[in-house]
Amino acid sequence: DSGVTQTPKHLITATGQRVTLRCSPRSGDLSVYWYQQSLDQGLQFLIQYYNGEERAKGNILERFSAQQFPDLHSELNLSSLELGDSALYFCASSVVGTGELFFGEGSRLTVL
Amino acid sequence: AQTVTQSQPEMSVQEAETVTLSCTYDTSENNYYLFWYKQPPSRQMILVIRQEAYKQQNATENRFSVNFQKAAKSFSLKISDSQLGDTAMYFCAFMGNNDMRFGAGTRLTVKP
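First to last, the protein sequences are chains A and B.
Residue 65 in this note's numbering is what sits at position 65 of the first sequence, and the numbering runs on without skipping anything.
Residue 28 in this note's numbering is what sits at position 28 of the second sequence, and the numbering runs on without skipping anything.
Mixed in with the good hints, there may be bad ones.
[Said to hold, decoys possible] Pulled a few chain A residues facing chain B out of the computed Cβ check, cut under 8 Å:
hint : residue
1    : Lys9
2    : Tyr33
3    : Leu43
4    : Phe45
5    : Phe64
6    : Gly99
7    : Glu105
[What the hints assert, rightly or not] Partner residues are not named here, just some residues of chain A that face chain B (Cβ under 10 Å, in silico):
hint : residue
8    : Ser2
9    : Gly3
10   : Gln48
11   : Lys57
12   : Phe69
13   : Phe90
14   : Phe102
15   : Phe103
[Claimed, not checked] Using C-beta positions, here's what the derived DEER-type ranges look like:
hint : chain 1 : residue 1 : chain 2 : residue 2 : range
16   : A       : His10     : B       : Ala71     : 44 to 50 Å
17   : A       : Gln17     : B       : Ala71     : 46 to 52 Å
18   : B       : Gln69     : A       : Gln17     : 45 to 51 Å
19   : B       : Asn98     : A       : His73     : 43 to 49 Å
20   : A       : Thr7      : B       : Pro41     : 18 to 24 Å
In case anyone wonders, no lab produced these hints; they're calculated from the structure.
All figures in this text were calculated on a predicted structure; none of them were measured in a lab.
Glycine included, every Cβ here is placed at the ideal spot set by N, Cα and C.
Work out the full structure, taking the sequences as your base and the hints as a guide.
Listed below in structure tokens is the structure:
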């Protein structure tokens, strides 16, 4: 158990819909990262937050947005969903100074 | 932007033998971290080993060791005495000032 909690674990929805994925980082970790992993692909970096502020942005689509709340949990919002958005979405949190990321178990999104 | 390249999409090894997975990266930063993560069929991301760029000594963790060549920007993973449970996707990752970037992965199969 990494200490990072992601909900929901599985989500099935239709094209055009909107979903929200939630992440609770490990206690004390200020940074939260979101990654997308499509089937048999590597992890694509989406966005990073540090203590509520956006820190870095990767190849995140304009239809996607995220935020980190004062209690440090984070949400990834995916809208106008397309079939190609079906993927495993990982959240990770980090300890400042070590670089290591601790990953949640992921949220598997299926868009039909 | 940093890039991480894993040139071996798939590899296999006999149980109890040794295998080396390759990784190269590109960066202009001087201080950074390198990682190998394992992703078994459960899809959980598990840290295998970590290397700080400022350390010349190669990291080791039991049967896992790395060959870090900073000048060549190379970071290979050696797995000794391979076990069936080592069967997984292995991702090389780079973390500099901000986000962590991953290679495309190497699928390792350990054969009995």
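| message | I want to verify a distance hint. Is the separation of the beta carbons of Gln69 (chain B) and Gln17 (chain A) within 45 to 51 Å? | response | Roughly 48 Å apart at Cβ, these two residues keep to the hinted range, so it holds.
| Does the CB of Gly99 (chain A) sit less than 8 Å away from some CB of chain B? | holds (3 Å)
| said: 43 to 49 Å was suggested as the range; check whether the CB atoms of Asn98 (chain B) and His73 (chain A) agree with it. | reply: At 21 Å between Cβs, range violated.
| said: Is the interface hint satisfied for Phe45 (chain A)? The criterion is a beta-carbon contact with chain B at less than 8 Å. | reply: With a minimum Cβ separation of about 5 Å from chain B (threshold 8 Å), the hint on Phe45 (chain A) holds.
| field | Ser2 (chain A) as chain B interface residue, shortest Cβ-Cβ below 10 Å | value | holds (8 Å)
| Was the hint right that Lys9 (chain A) lines chain B, CB cutoff 8 Å? | At 11 Å from the nearest chain B Cβ, Lys9 (chain A) fails the 8 Å test, so the hint is violated.
| At a threshold of 8 Å, is the proposed contact between Phe64 (chain A) and chain B supported by beta-carbon distances? | violated (16 Å)
| said: Hint Tyr33 (chain A) vs chain B: min CB-CB distance below 8 Å? | reply: holds (6 Å)
| request: Answer holds if the nearest beta-carbon of chain B is closer than 10 Å to that of Lys57 (chain A); otherwise answer violated. | output: Hint holds; Lys57 (chain A) Cβ to chain B Cβ min 9 Å, cut 10 Å.
| Status of the given 46 to 52 Å range, CB of Ala71 (chain B) versus CB of Gln17 (chain A) | Distance hint for Gln17 (chain A), Ala71 (chain B) holds at roughly 50 Å.
| field | When the least beta-carbon distance from Phe103 (chain A) to chain B is tested against 10 Å, hint result | value | holds (4 Å)
| said: A closest beta-carbon separation below 10 Å is what the hint needs, so does Phe102 (chain A) meet it against chain B? | reply: holds (8 Å)
When each numbered hint is compared with the structure, violations occur for hints 1, 5, 9, 12 and 19.
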